[in-house]
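Keeping the supplied structure of chain A fixed, place chain B upon it in accordance with the hints.
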Amino acid sequence: MNINLKGSLPLLILHILQDGENHGYRIAKRIKEESEGVLDFKEGTLYPTLHTLEAQGLISASDHIENGRTRRYYRLTDAGKNALTAQLAEWGRFSSAVNRILSGGEA
Amino acid sequence: MNFETWLQTATQGLPQNRLGAIRAELTGHYLDAVDDYLLQGLSSDNAHTLALRELGDACAVCNGLRSAHIHRSVYWRAMVIACLPSLSAMLGLTMVGRPNPYNHLSLWVYAIFIAISGLLTVWATRNSLRVIGMIAYLGDEGDLPITLIQWGLYILFPISIFTTWSNQWVFIAIINTPTLVYGQSADFNHPIVTIVSILASFGLMLTGVGWVMLAFKITRLPSMILPLLRGTMFVMGMGITLLSVGAVMRDIRLTSISTTISLIFGILTFALFIILFYQLGRNTTPSRPSYA
Chain A
1 MNINLKGSLP
11 LLILHILQDG
21 ENHGYRIAKR
31 IKEESEGVLD
41 FKEGTLYPTL
51 HTLEAQGLIS
61 ASDHIENGRT
71 RRYYRLTDAG
81 KNALTAQLAE
91 WGRFSSAVNR
101 ILSGGEA
Chain B
1 MNFETWLQTA
11 TQGLPQNRLG
21 AIRAELTGHY
31 LDAVDDYLLQ
41 GLSSDNAHTL
51 ALRELGDACA
61 VCNGLRSAHI
71 HRSVYWRAMV
81 IACLPSLSAM
91 LGLTMVGRPN
101 PYNHLSLWVY
111 AIFIAISGLL
121 TVWATRNSLR
131 VIGMIAYLGD
141 EGDLPITLIQ
151 WGLYILFPIS
161 IFTTWSNQWV
171 FIAIINTPTL
181 VYGQSADFNH
191 PIVTIVSILA
201 SFGLMLTGVG
211 WVMLAFKITR
221 LPSMILPLLR
231 GTMFVMGMGI
241 TLLSVGAVMR
251 DIRLTSISTT
261 ISLIFGILTF
271 ALFIILFYQL
281 GRNTTPSRPS
291 YA
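These protein sequence lines map, in sequence, to chains A and B. Residues 1 to 107 (our numbering) are what the first sequence spells out, left to right. Residues 1 to 292 (our numbering) are what the second sequence spells out, left to right.
Hints listed in this document are in silico derivations from the structure and should not be mistaken for laboratory results. Treat the hints with care, as some may be off.
Stated by the list, open to error - Calculated Cβ distances over 10 Å to all of chain A for the following chain B residues: (1) 64; (2) 65; (3) 231.
Unchecked claim - Heads up, simulated EDC-like pairs for lysine to aspartate or glutamate below, C-alpha to C-alpha not over 20 Å straight-line: (4) 32(A) x 140(B); (5) 32(A) x 19(A); (6) 81(A) x 40(A); (7) 29(A) x 40(A); (8) 32(A) x 35(B); (9) 29(A) x 19(A); (10) 217(B) x 141(B); (11) 217(B) x 143(B); (12) 217(B) x 140(B); (13) 32(A) x 57(B); (14) 29(A) x 66(A); (15) 81(A) x 66(A); (16) 81(A) x 19(A); (17) 29(A) x 35(B); (18) 32(A) x 66(A); (19) 29(A) x 251(B); (20) 29(A) x 57(B).
By construction, the Cβ of each residue, glycine as well, lies at the ideal position given by its N, Cα and C atoms.
Next up, chain A with everything else stripped away, as it sits in the complex (with noise of 0.2 Å):
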């Protein structure tokens, strides 16, 4: 089943950074792992995204070494902390609204 991933995953990403700093490899797991399998990012619009949340402002980064490689950890920042409560109810109504359609409004 495809599912688009895309519109949803700056949501998904300030979500994870909630509970703290996270590089990208990390976060990719965590969604994959967490969903089941269900959302990954086969079409490669992780690193994207992540760089569009920093210019927005909405997450902040730094680099560090470690055994020999770059890591980029993003950490949400007070612009994100809002976005993300924006984002949730956002979210809230969408899904709620999808749900009483999909439930023949009984929902």
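Relative to the frame of chain A, chain B by itself:
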């Protein structure tokens, strides 16, 4: 495709000041994924294959990263810059036959005009080609044709000024058509005429071959005008190459025909550049390249 090729495609055309950091980040992600697969007991080959597959389509990643790092104003600026060679060529056509070889003042004005428009043409062509190379994912493949075009123009630029100043000698005036008129009264056997003709032919040959090569190399562009652009580039390149042959053979007719072809298709090529940059400047979502 191996990881190095993937990485090169995915980061093609990104700003130089961020390129190293982005490449390091993507490399770290890839190596982490490989390590995870190895820990799960996969063979090295399978681990690398799966880790690469997980990274996704390199062109899609590249489009996304460009959207995040390249401001749309780059394309608007490129569009304005691409106007200059066409404008310069059209203004040059209006100057045909204008300067009087015995009127020093008009010669000065004309020489200054040629110098400015020549410089603008070289600068605008170089910048337009850089942006084209970037959005067409040309990478190293674009280095040779773009370098040939640049060096051809560098050689032709001083010659175009020289031909303006020494119109009594000049047989062939490659960039500026007026010399075709004066050239008919030139002393063909003068050594300076011979040297200028050889140099001009060499510069033209480099430029012409460069444009023809580029027409073959550009196969990926996020635009429907790709076949048209390749066609105009090819004809312009062939026209310029023929012009270099005409210069060597000292054939006025061949020179005249190939100059006209080169100018017309040169203007068309840059007009298509302008349309392409305009499209990209307006596009607010990442564009996916088409594969020809």
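Consistency of the hints with the structure:
1. For residue 64(B), the non-interface assignment is contradicted: its Cβ lies about 3 Å from the closest Cβ of chain A, within the 10 Å cut-off.
2. Non-interface call for residue 65(B) relative to chain A: violated, since the shortest CB-CB distance, roughly 5 Å, does not exceed 10 Å.
3. For residue 231(B), the non-interface assignment is confirmed: its Cβ lies about 32 Å from the closest Cβ of chain A, beyond the 10 Å cut-off.
4. Between residue 32(A) and residue 140(B) the alpha-carbon distance is near 36 Å, which puts this suggested pair outside the 20 Å criterion.
5. Restraint check for residue 32(A) and residue 19(A): satisfied, since their Cα atoms lie roughly 17 Å apart, inside the 20 Å limit.
6. The suggested pairing of residue 81(A) with residue 40(A) is violated, with an alpha-carbon distance near 24 Å, which exceeds 20 Å.
7. For the suggested pair residue 29(A) and residue 40(A), the alpha carbons sit about 8 Å apart, so the restraint of at most 20 Å is met.
8. Proposed proximity of residue 32(A) and residue 35(B) is supported: the alpha carbons are some 17 Å apart, at most 20 Å.
9. As the CA atoms of residue 29(A) and residue 19(A) are separated by approximately 15 Å, the hinted pair is consistent with the 20 Å bound.
10. Among the hinted pairs, residue 217(B) with residue 141(B) is consistent with the structure: their alpha-carbon atoms are about 7 Å apart, no more than 20 Å.
11. A threshold of 20 Å between alpha carbons decides the hint, and for residue 217(B) with residue 143(B) the separation of about 11 Å falls inside it, so the pair holds.
12. Restraint check for residue 217(B) and residue 140(B): the C-alpha separation of about 11 Å stays at or below 20 Å, so the hint holds.
13. For the suggested pair residue 32(A) and residue 57(B), the alpha carbons sit about 18 Å apart, so the restraint of at most 20 Å is met.
14. Between the alpha carbons of residue 29(A) and residue 66(A) the distance comes to roughly 18 Å, so the proposed pair stays at or under 20 Å and holds.
15. Distance hint between residue 81(A) and residue 66(A) is unfulfilled; the C-alpha atoms sit about 28 Å from each other, more than 20 Å.
16. With a C-alpha separation of about 11 Å, the suggested pairing of residue 81(A) with residue 19(A) holds against the 20 Å cut-off.
17. Simply put, residue 29(A) and residue 35(B) have alpha-carbon atoms about 13 Å apart, close enough for the 20 Å limit, and the pair holds.
18. About 23 Å separates the Cα atoms of residue 32(A) and residue 66(A), which puts this hinted pair outside 20 Å; it is violated.
19. As the CA atoms of residue 29(A) and residue 251(B) are separated by approximately 69 Å, the hinted pair breaks the 20 Å bound.
20. Distance hint between residue 29(A) and residue 57(B) is fulfilled; the C-alpha atoms sit about 18 Å from each other, no more than 20 Å.
When held up to the earlier numbered hints, the structure conflicts with 1, 2, 4, 6, 15, 18 and 19 and fits the remainder.
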